[in-house]
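Novice: Chain by chain, the residues:
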Amino acid sequence: MATRGFIGRKRSGDPRLPPGQYDAGDDWPVLTAEVTPNLRPEQWSMSVDGLVETPTTWSWEEAHALPQSEFHGDIHCVTTWSKLGVTFGGVSVDELLTVAGPRPGATHVLATSTTGYTTNLPLADVTGGKAWVVWTFGGQPLSSGHGGPVRLLVPHLYFWKSAKWVTRLTLLDHDQRGFWEVNGYHDRGDPWLEQRYTGD
Amino acid sequence: MSELLRSTTDAPTGGWRTATVRKVARRTERTVVVRLDIADRVPHMPGQHYVVRLTADDGYTASRSYSVASSPSDPLVELCVERLEDGEVSSYLADVVEVGDELEVRGPIGGWFAWDGVAPTLAIGGGTGVVPLISMLRHARELEHPDLVCLVAAARTAADLPYSDEAMGDCNLVALSREDTPSRPAGRLTSADLAPHVAGRELFFVCGSALFAEAVSRLLVELGVTTTAIRVERFGPTS
Ligand SMILES: Cc1cc2nc3c(=O)[nH]c(=O)nc-3n(C[C@H](O)[C@H](O)[C@H](O)COP(=O)(O)OP(=O)(O)OC[C@H]3O[C@@H](n4cnc5c(N)ncnc54)[C@H](O)[C@@H]3O)c2cc1C
Numbered sequence: 006m007a008t009r010g011f012i013g014r015k016r017s018g019d020p021r022l023p024p025g026q027y028d029a030g031d032d033w034p035v036l037t038a039e040v041t042p043n044l045r046p047e048q049w050s051m052s053v054d055g056l057v058e059t060p061t062t063w064s065w066e067e068a069h070a071l072p073q074s075e076f077h078g079d080i081h082c083v084t085t086w087s088k089l090g091v092t093f094g095g096v097s098v099d100e101l102l103t104v105a106g107p108r109p110g111a112t113h114v115l116a117t118s119t120t121g122y123t124t125n126l127p128l129a130d131v132t133g134g135k136a137w138v139v140w141t142f143g144g145q146p147l148s149s150g151h152g153g154p155v156r157l158l159v160p161h162l163y164f165w166k167s168a169k170w171v172t173r174l175t176l177l178d179h180d181q182r183g184f185w186e187v188n189g190y191h192d193r194g195d196p197w198l199e200q201r202y203t204g205d
Numbered sequence: 076m077s078e079l080l081r082s083t084t085d086a087p088t089g090g091w092r093t094a095t096v097r098k099v100a101r102r103t104e105r106t107v108v109v110r111l112d113i114a115d116r117v118p119h120m121p122g123q124h125y126v127v128r129l130t131a132d133d134g135y136t137a138s139r140s141y142s143v144a145s146s147p148s149d150p151l152v153e154l155c156v157e158r159l160e161d162g163e164v165s166s167y168l169a170d171v172v173e174v175g176d177e178l179e180v181r182g183p184i185g186g187w188f189a190w191d192g193v194a195p196t197l198a199i200g201g202g203t204g205v206v207p208l209i210s211m212l213r214h215a216r217e218l219e220h221p222d223l224v225c226l227v228a229a230a231r232t233a234a235d236l237p238y239s240d241e242a243m244g245d246c247n248l249v250a251l252s253r254e255d256t257p258s259r260p261a262g263r264l265t266s267a268d269l270a271p272h273v274a275g276r277e278l279f280f281v282c283g284s285a286l287f288a289e290a291v292s293r294l295l296v297e298l299g300v301t302t303t304a305i306r307v308e309r310f311g312p313t314s
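Each protein sequence line maps, in turn, to chains H and R. Each residue of the first sequence is one higher than the one before, counting from 6 in my numbering. Each residue of the second sequence is one higher than the one before, counting from 76 in my numbering.
One should not assume that every hint holds.
Which bits of chain R does chain H cover? Going by a derived footprint, with three or more residues having C-beta under 8 Å, they are [unchecked claim]:
#1 86-93
#2 137-146
#3 186-192
#4 284-297
#5 300-308
No wet-lab data here; the hints were simulated from the structure. Being a predicted model, the structure only gives us computed values, none of them experimental. Beta carbons are placed, not taken as given, at the ideal position from N, Cα and C, and that holds for glycine.
With these hints in hand, go ahead and build the complete structure from the sequences.
Specialist: The structure is reproduced here in structure tokens:
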């Protein structure tokens, strides 16, 4: 249905923009639903538990001792902004899972933040070089408003899946809905398929 | 680690609907109220929002979220939109929309920033951030428990504050940073403004620009409010 009299902005035509998204340029909107925690790196730890052979917890130092890697690319928020050509640095989730060892039957992951925020993901979306636990943005320490000191990064899905202040990944044999997903947001959230809400 | 964040009960969620515009009115110089008739709609909880999706002739779409200002019992859904310079959707809603137009909407959405009509609540909004809080206030009044929702509304001037008429009330406070009011000299919202309103409240809803939400949620934490009782809605980059 066309909306009477709506023309909209000049189409960017940028092939990096999924349908219904716009380029936010230098803006990076903050849309968190909870109080920004004032978390010091030494208070933070990262755990991988649930259906794994070796439940493991890394301190800040230990996580930094793992092989580091970077992501260069684009991120897309369900509220329709995208940021193109960004760089994050941290450790690949593959590295964490190599240590913890997923057990047969593990199909999904629930990510939990220090604030109690949760989000659910298929295991296949955080393995094979698709997800990171990151602490730098553009080479600088990640700021607290954007999830610093540490957030999850799953750039091929809408950005609410990239839990800020992530502290735990729990492997499950079923999909368990997180904070937004229980209220109508999509379980997977692929921006190229515009999976914004349940049923899309 | 703290407890998990849990949304309010099972908040209602609705799919795409066609809304018919029944009323368009300016609320302040920069805000416009749009009242929508949405056939077959799912009733909302105060605090929830809708997505408005505009489609151009070539199929290009732009969608943005807008909070509901009306109470659940209102037969129409009321949105209040601040017109941003070069804002793709807000300037369309402010300048182009007319009574009788049809809009594609999806809602209600959100279960965290939603009030159950029971918990004694302190609601703090900056500028258009008061919109979802007005729905709470209206609902509390209809329940004949206006004391359940205490509203603190902040803006630069009264003219920048939509619903400033409704925001005046027994336990409510209007805090203007650039204008004196009978009850308060001009100045930013402070912890002294909020302190008298914190006791006995179970939920704290904070809504506005990212900067405003950050500043106010910090004030609440300093006043001893537990972080899991604070529910924040940030409207995006602009303040
Ligand atoms: C849950 C939620 C509830 C909300 N409720 C309300 C509400 O009740 N009332 C309300 O008014 N708002 C509300 N908002 C904000 C609303 O969704 C929009 O973000 C807002 O209306 C701006 O949208 P826009 O299309 O007009 O502006 P956009 O086009 O998104 O632009 C925003 C600003 O960035 C600049 N800009 C961005 N991209 C470009 C570009 N490519 N070229 C030029 N300039 C650009 C514009 O100049 C503009 O000032 C809410 C947001 C959320 C997330």
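Novice: Against the structure, test the hints numbered earlier, and report the numbers of the ones violated in rising order.
Specialist: none
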